[in-house]
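Q: Listed below are the residues making up each chain.
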Amino acid sequence: MLEVNSINVYYGPIHAIKDLSFEVKSGEIVALIGANGAGKSTVLKTMSGLLRSKTGSIVFDGKDIKKTEAHRIVRDGLAQVPEGRRIFLQMTVLENLEMGAYTQKTVSDAELENIFKLFPRLKERSKQIAGTLSGGEQQMLAMGRALMSKPKLLMLDEPSMGLAPLIVEQIFEIIESLNRAGTTILLVEQNAGKALEIANRAYVLETGEITLSGTGEELSQSDEVRKAYLGG
Amino acid sequence: MSVFSTIVSQIFNGLQSGSVYALVALGYSMVYGIIMLLNFAHGDIIMVGAYIVWILMSFLALPPAIGAVAAVAGCTLLGVAIEKVAYAPLRKSPRLSLLITAIGVSFFLENAAQLVMGAGSKPMPTIIKGTNIEIGSAHISFVSVVTIIVSVITMLLLTLLVQKTKMGKAMRAVSEDMDSARLMGININRTISFTFAVGSALAGIAAVLYSCAYPQASPTMGSMLGLKAFVAAVLGGIGSIPGAMIGGFAIGLLEALVSAAGLSVWKDGVVFGILIIVLIVKPTGIMGRKMNEKV
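Residue numbers (my numbering), protein chains in the order written: chain R, 1 to 232; chain C, 1 to 295.
Excised from the complex, chain C in its bound form (with noise of 0.2 Å):
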């Protein structure tokens, strides 16, 4: 392989694992944003959409555009369940007790699958097929072209939902200060389920996207791309929608050059390396602007 196809086919894997990180990482911020929690359950909202694949087409035989949109379906009500169940009850208790809520919610759901599913990792049938693309000698997979553009189409149909409709302007009011977006007649608990809602659902996207990539469910593997997404979300600027989907695309083709350099068993240690970086030099991240102070 030459030098060029190397580079061509490791920037398109860091797209691919990018796009699912910033499709992760917009559901961090999103929450984050609006509650001002570190939902560290979203990661495993990843693995019960891999699982809802895995049973959907393993086991009922059931052809894949079913498979992804229930994973998609259930992961959305997977979200706003977790969030009416575990989160809404603290509205008014101190940010840290929401924050080992999550770490709870996180442990309940990994361990849960493990005893529904068994410990050990289920073979992921196809989901998408297709033929590969070439790029002079460079080979391109489907898979990876597929990822890209419905994460792009997902990330500007998120854009539009923000910036353009009444609920995502809701959702912007009610993050920026919420008791005066109830003085708005601004209904704070719907808002919230629908932003856990629309966090949650791309959550199933990436569930689908990346079992693509990685065709197998375990218990666990929610929590690795979890805690990645959310250095993207850091990285970015946490609560900033546009600084999720810079930060996933950054880590994702940082890992792609990682490797491309022959150093793959680095990966995880300098994607966290970043973290540190990101949380000493601009705790901010890219995005994120300096919080005003609420009086």
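Pulled out of the complex, with its shape left as it was, chain R reads as follows (with noise of 0.2 Å):
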């Protein structure tokens, strides 16, 4: 479903990503673990054309998106949950999620049920300002908002951030629900532990590229991987 083929970003001078190549397949949960600063929202950021590749190319169902606009990436269906959520938090719960679903022709009553009733306290504090919810609850409007562009590949981007271990879980919980009812998954974490468990598949980032790879079981037994992100 998503093909990327030796991409190279910069900042100015700072070559972030080096030549990096990875894929996700159609039904996956992928993760990307690695460093504070390892670039992995970096690489996120230049899927959804909020950056750019110098190179290479980002194949996203069939269709080359390196130098699509970030808007329109969203109409293809990739849509992304970014790092620290980034909800509009002056906005009320609702009017965020009618900005998710900004790419449709109208706000479907019937997705709005469905993100309602996969985050209920949604649903209770849809009147209230975004501002005023918990972090948790911030995370799932996050995700709610995500979901209603009705994306066939969603990427996470440290949903776990600041939040506590109940609500890490539960957030965890709703994403291998998602990709169960049918949404590719590419997750990236700092908490590798967590990630690992629920992904099909991982990479290992390290200062722009990628230095392993496998499958979750796979990477969580490997002594590197245990040795620099799960505490021995």
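Hints in this document: simulated from the structure, not taken from any laboratory.
Hints may be right or wrong, so weigh each one.
Unchecked claim - Here are the simulated DSS-like pairs of lysine-lysine, each with C-alpha atoms no more than 30 Å apart in a straight line:
hint, chain 1, residue 1, chain 2, residue 2
1, C, K166, R, K150
2, C, K166, R, K152
3, C, K164, R, K67
4, R, K117, C, K166
5, R, K105, C, K166
6, R, K105, C, K84
7, C, K92, R, K18
8, R, K67, C, K92
9, R, K54, C, K84
10, C, K164, R, K117
11, R, K150, C, K164
12, R, K127, C, K166
Reconstruct the complex from the two isolated chains, following the hints.
A: Shown next as structure tokens:
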């Protein structure tokens, strides 16, 4: 579904992503793990068209989107839940969800009901200003908002960041249930243990390069990953 | 004239100029909200609007309605064109470059107008005619009643647009977090163009109303009006739509109050004094929120 071939991304003179290739097959959960500053978010931003690769190709659903404008990529079915959630804090919960459905002709009630079934808290708080939500609720809103665009592939950037363990557990369960319902997932996580638990396959990213790849299980048993990311 | 009639007529004067300030301040505030630019060319758009009215009504002898509609349409197009030509190429440049460019556009418009229309002022034809209204011994001019009503209706429509429509919500989303808005599939460039179109249309309406009250057009007429509207926007809280409305009416009423007290020579000084006080005491203005740090 997503094939990335030797992309190179720069921040001014800094070479952030070096000749990176990976793929996500339809129906999979793929995790991209790595330390802070390894370039994980940069990869997702490049997929979404917020950053540009100087080389290579990004083929999504049979179409090269390397030069496609960010707002068209969403329309094609590739959505992202950005790092730090980035919900619209001054708008209501419902308005945030409506913005998620911006690419759709109308905000479908059925889709909204689906989201509310997945995240009942959002329904209770739909009239509330998003800035008043707790961290976990904000993460749920960010996910619900991205789902409103009916993505084929959902990319999540650090969904567990800053959340209590119980909420993290909940978020990961929801990610798995979304995947079972047919959404392909590309997950970026610093919480490597959790990510490898649910991932079919994973890549390890170090300073802009992929150093390891394999199934979630393989990686969680590999010595290098255990030492570097799983604390022993 | 009794004290009562002085007060009543000064309140109406204040509301009249206040509603024009509010319309102009809205344009400042909306543009600042979306691209963090103090668009100092905004006042000069009003000047162009006034000349459009003059050309159509005095030069081509067309009816006022056509002059008014053409002024609003012309201002809208001009605002969008300025954004496309001057500001859009600087989307990734530092904000200072954008600000300097806005001042440049302002000089360009004023000098272009002087070149084409001459430096002297042109007398405006009568746009709105009607009988004045009397409340007790106070005379309220028909123009000021029309100005206030038109402005209030315009502001209600704007509020509806921004709060309820898809495009209005997209505007708010873009002004809060541009990258996040792009991830929603919102076309940033189109949303920014739309914001300039709306802000400039409001300036066009302000141009017509202002020309009713001060019936002459000159190349620099927009700069003082623009600056006072800028003060109104800052007073209300730059970036805030209700703030711009409140700030506009507050500045208008304050000016009228100062004039009523017999200090009309101090009018401009008082307005800019307000700017200094707001910037020292509460830079976010009346309705301004603390900016969320974007990390």
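Q: It remains to establish, for every hint, whether it holds in the given structure.
A: Now the hints, each set against the structure:
1. Annotation: proposed proximity of C/K166 to R/K150 holds, straight-line Cα distance about 18 Å (limit 30 Å).
2. With a C-alpha separation of about 24 Å, the suggested pair C/K166 and R/K152 falls inside the 30 Å cut-off, and the hint holds.
3. Using a Cα cut-off of 30 Å, the hinted pair C/K164 and R/K67 is violated, with the two alpha carbons roughly 33 Å apart.
4. As the CA atoms of R/K117 and C/K166 are separated by approximately 24 Å, the hinted pair is consistent with the 30 Å bound.
5. Taking the CA atoms of R/K105 and C/K166, the gap is near 10 Å; set against the 30 Å cutoff, the hint holds.
6. Distance restraint check for R/K105 and C/K84: the Cα-Cα separation of roughly 27 Å lies within the 30 Å cut-off, and the hinted pair is therefore satisfied.
7. For the hint linking C/K92 to R/K18, the alpha-carbon distance of about 24 Å falls within 30 Å, and the restraint holds.
8. In summary, the hint linking R/K67 to C/K92 is supported, as the alpha carbons are separated by about 18 Å, within the 30 Å threshold.
9. Proximity of R/K54 to C/K84 is assessed by CA-CA distance (about 26 Å); at most 30 Å being required, the pair is judged to hold.
10. Between C/K164 and R/K117, the direct Cα distance comes to roughly 25 Å. Compliance with the 30 Å bound is thereby established for this hinted pair.
11. Of the supplied pair hints, the one linking R/K150 and C/K164 holds, its CA atoms being roughly 23 Å apart against a limit of 30 Å.
12. Restraint check for R/K127 and C/K166: the C-alpha separation of about 17 Å stays at or below 30 Å, so the hint holds.
The structure shown violates just one earlier hint, number 3.
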